[in-house]
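**Q** Starting from the structure of chain A, add chain B where the hints point.
What follows is the residue order along each chain.
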Amino acid sequence: MNGDERMKTLETALRRLADETAAAQPPARIETALSAAVRRRRMARYPWWTAAAAALAMAGFWAATRQMGPAVGLEQAAAPAAVRAQLAGPAEAPAEAMDQPAEALPVAKPAVVRSKASSGRGELSGELSPLTPWYFSGGLPQPARGQIVFIRVNPQTALRFGVVSEGQVPAQLLIGDDGLTRAIRFVRE
Amino acid sequence: MDEAELLRRTARGDESAFGEIYARHSPAVYRYALRMSGSREMAEEVVQDVFMQVVKGCRGFDPAIGPLASYLYGLARNRMARLWPDQSETPIEEFDLASDEPDPLEGLSREQQVESVRVAVSSLPLAYREVVVLCGLEEMSYAAAAEALGVETGTVRSRLHRARKMLLERLKRNGVRV
Numbered sequence: 001m002n003g004d005e006r007m008k009t010l011e012t013a014l015r016r017l018a019d020e021t022a023a024a025q026p027p028a029r030i031e032t033a034l035s036a037a038v039r040r041r042r043m044a045r046y047p048w049w050t051a052a053a054a055a056l057a058m059a060g061f062w063a064a065t066r067q068m069g070p071a072v073g074l075e076q077a078a079a080p081a082a083v084r085a086q087l088a089g090p091a092e093a094p095a096e097a098m099d100q101p102a103e104a105l106p107v108a109k110p111a112v113v114r115s116k117a118s119s120g121r122g123e124l125s126g127e128l129s130p131l132t133p134w135y136f137s138g139g140l141p142q143p144a145r146g147q148i149v150f151i152r153v154n155p156q157t158a159l160r161f162g163v164v165s166e167g168q169v170p171a172q173l174l175i176g177d178d179g180l181t182r183a184i185r186f187v188r189e
Numbered sequence: 001m002d003e004a005e006l007l008r009r010t011a012r013g014d015e016s017a018f019g020e021i022y023a024r025h026s027p028a029v030y031r032y033a034l035r036m037s038g039s040r041e042m043a044e045e046v047v048q049d050v051f052m053q054v055v056k057g058c059r060g061f062d063p064a065i066g067p068l069a070s071y072l073y074g075l076a077r078n079r080m081a082r083l084w085p086d087q088s089e090t091p092i093e094e095f096d097l098a099s100d101e102p103d104p105l106e107g108l109s110r111e112q113q114v115e116s117v118r119v120a121v122s123s124l125p126l127a128y129r130e131v132v133v134l135c136g137l138e139e140m141s142y143a144a145a146a147e148a149l150g151v152e153t154g155t156v157r158s159r160l161h162r163a164r165k166m167l168l169e170r171l172k173r174n175g176v177r178v
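If you read the sequences in order, they're chains A and B.
Under this note's numbering, think of the first position of the first sequence as 1, with each following residue one higher.
Under this note's numbering, think of the first position of the second sequence as 1, with each following residue one higher.
Hint data in this document are derived by calculation from the structure and do not stem from the laboratory.
Keep in mind that a hint or two might mislead.
What the hints assert, rightly or not - In silico DMTMM-like cross-links for lysine to aspartate or glutamate, where the CA-CA straight-line distance does not exceed 25 Å: (1) B:K56 with B:E41; (2) B:K165 with B:E111; (3) A:K8 with A:D19; (4) A:K8 with B:E169; (5) A:K8 with B:E139; (6) B:K56 with B:E45; (7) B:K56 with B:E5; (8) B:K172 with A:D4; (9) B:K165 with A:E31; (10) B:K56 with B:E44; (11) B:K56 with B:E139; (12) B:K172 with A:E20; (13) B:K165 with B:E152; (14) A:K8 with B:E45; (15) B:K56 with A:D4; (16) B:K56 with A:E20; (17) B:K172 with B:E115; (18) B:K172 with A:E5; (19) B:K56 with B:E15; (20) B:K172 with B:E152; (21) A:K8 with A:E20; (22) B:K172 with A:E11; (23) A:K8 with B:E20; (24) A:K8 with B:E138; (25) B:K56 with B:E20; (26) B:K56 with B:E115; (27) B:K165 with A:E166; (28) B:K56 with A:E11; (29) B:K172 with A:E31; (30) B:K56 with A:E5; (31) B:K165 with B:E139; (32) B:K165 with B:E115; (33) B:K56 with B:D14.
For reference, chain A alone in the conformation it holds in the complex (with noise of 0.2 Å):
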């Protein structure tokens, strides 16, 4: 037999070999275990503290929800005249009134009867932004509904409506039910 047979015959016991192995296949578990892997891979990603702080903040919005409280039935014999009351003069002149002294700029307390269930106090504190300035909340239409929130402002934020004070200044939002300020009132601790 001549080498080109032999070849050929390797080659052909080459292939037998071949198909033999051609359908192996790795086991199942192999791949169970590395997506296991990248299952874990994913989850480090995301630290157990993400997690935490997301828990966190749902429950901080929870609550701030619940201090909120029910929407408030406004008076509507009492409460859109004190608004526009206080909201009339400082509307025609913005740019100058925020130059006023803090007397210029009285506060009228609103004239607005709370529900029962929101009678319990509870603030929010944080920034204001965006809180539509009063300024220009004049020529909008009075709430027939809104809520009373009770927040913190910043000392600068109480200067701009002449209140000085070197802390935080607890005050009360009238916000109405298409989510526009409508009022703002400080009270005294």
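**A** Structure of chain B alone, referenced to chain A:
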């Protein structure tokens, strides 16, 4: 979806992306390791190691250099070399089969032939065994095998030529009917 994107998604923890890569390449990597080692346990270990690199995103993979399949073969080769550190150092024997010698596989049953060739392939030095596995068993082209092995096409051709001769020699030496 291209394989680089699948790798990126896998590294971010996308199981479906990993599943797609695994389905495409794991059979070939497993067969390669099995044919190189002759051991299912070792082939499984190689597959696990190679695809663990995939899970991590194959940071060394550059699609501009070559396809993912070649990169995975390279990972498998490295793993095999670590498993058998002495294999690459095996000296290459010089031999010549006289043209009038009988075929060492002549007269064997199909099963005997397959087993004899399997043993002979397993005994080849790594550099020769891998060209036999890739070109002779995986039926890869010389160019594809060269890409997978990181050598020139001519090197693959010459190694394969010598590997076949070595196989015949080893078959004869192993007592296969001469």
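**Q** Could you run down the list of hints and mark each one as holding or not?
**A** Here is what the structure says about each hint:
Between K56 (chain B) and E41 (chain B) the CA atoms are separated by roughly 23 Å; this keeps the pair inside 25 Å, and the hint holds. The straight-line distance between the Cα atoms of K165 (chain B) and E111 (chain B) is roughly 21 Å, inside the 25 Å bound, and the hint therefore holds. Distance hint between K8 (chain A) and D19 (chain A) is fulfilled; the C-alpha atoms sit about 16 Å from each other, no more than 25 Å. For the given pair, K8 (chain A) sits about 15 Å from E169 (chain B) by alpha-carbon distance, which is consistent with the 25 Å threshold.
With a C-alpha separation of about 15 Å, the suggested pair K8 (chain A) and E139 (chain B) falls inside the 25 Å cut-off, and the hint holds. Taken as a hint, the K56 (chain B) and E45 (chain B) pair is honoured in the structure, with Cα atoms around 17 Å apart against an allowance of 25 Å. With a C-alpha separation of about 13 Å, the suggested pair K56 (chain B) and E5 (chain B) falls inside the 25 Å cut-off, and the hint holds. For the suggested pair K172 (chain B) and D4 (chain A), the alpha carbons sit about 16 Å apart, so the restraint of at most 25 Å is met.
Straight-line distance between C-alpha atoms of K165 (chain B) and E31 (chain A) comes to about 39 Å, which puts the hinted pair past the 25 Å bound. The hinted pair formed by K56 (chain B) and E44 (chain B) meets the criterion: a straight-line CA distance of about 18 Å does not exceed 25 Å. Taking the CA atoms of K56 (chain B) and E139 (chain B), the gap is near 30 Å; set against the 25 Å cutoff, the hint is violated. Distance check on the hinted pair: K172 (chain B) and E20 (chain A) sit about 22 Å apart at the alpha-carbon level, within 25 Å; holds.
Restraint check: the Cα-Cα separation between K165 (chain B) and E152 (chain B) comes to about 21 Å, which is no more than 25 Å; the hinted pair holds. Distance hint between K8 (chain A) and E45 (chain B) is unfulfilled; the C-alpha atoms sit about 34 Å from each other, more than 25 Å. Straight-line distance between C-alpha atoms of K56 (chain B) and D4 (chain A) comes to about 48 Å, which puts the hinted pair past the 25 Å bound. Using a Cα cut-off of 25 Å, the hinted pair K56 (chain B) and E20 (chain A) is violated, with the two alpha carbons roughly 33 Å apart.
At most 25 Å may separate the alpha-carbon atoms for a hinted pair to count; K172 (chain B) and E115 (chain B) meet this at roughly 14 Å. Our distance criterion of 25 Å between C-alpha atoms is met by K172 (chain B) and E5 (chain A), whose separation comes to about 15 Å. Annotation: proposed proximity of K56 (chain B) to E15 (chain B) holds, straight-line Cα distance about 12 Å (limit 25 Å). Restraint check for K172 (chain B) and E152 (chain B): not satisfied, since their Cα atoms lie roughly 31 Å apart, outside the 25 Å limit.
Between K8 (chain A) and E20 (chain A), the direct Cα distance comes to roughly 19 Å. Compliance with the 25 Å bound is thereby established for this hinted pair. Taken as a hint, the K172 (chain B) and E11 (chain A) pair is honoured in the structure, with Cα atoms around 16 Å apart against an allowance of 25 Å. A hinted pair counts as satisfied when its Cα atoms are at most 25 Å apart, and K8 (chain A) with E20 (chain B) does not qualify at roughly 38 Å. As the CA atoms of K8 (chain A) and E138 (chain B) are separated by approximately 17 Å, the hinted pair is consistent with the 25 Å bound.
In summary, the hint linking K56 (chain B) to E20 (chain B) is supported, as the alpha carbons are separated by about 15 Å, within the 25 Å threshold. Between the alpha carbons of K56 (chain B) and E115 (chain B) the distance comes to roughly 38 Å, so the proposed pair goes past 25 Å and is violated. Between K165 (chain B) and E166 (chain A) the alpha-carbon distance is near 95 Å, which puts this suggested pair outside the 25 Å criterion. Taken as a hint, the K56 (chain B) and E11 (chain A) pair is broken in the structure, with Cα atoms around 39 Å apart against an allowance of 25 Å.
About 41 Å separates the Cα atoms of K172 (chain B) and E31 (chain A), which puts this hinted pair outside 25 Å; it is violated. At most 25 Å may separate the alpha-carbon atoms for a hinted pair to count; K56 (chain B) and E5 (chain A) exceed this at roughly 49 Å. Distance check on the hinted pair: K165 (chain B) and E139 (chain B) sit about 18 Å apart at the alpha-carbon level, within 25 Å; holds. With a CA separation close to 18 Å, the supplied pair K165 (chain B) and E115 (chain B) stays within the 25 Å bound.
Proposed proximity of K56 (chain B) and D14 (chain B) is supported: the alpha carbons are some 11 Å apart, at most 25 Å.
Consistency note: the structure conflicts with the earlier hints numbered 9, 11, 14, 15, 16, 20, 23, 26, 27, 28, 29, 30.
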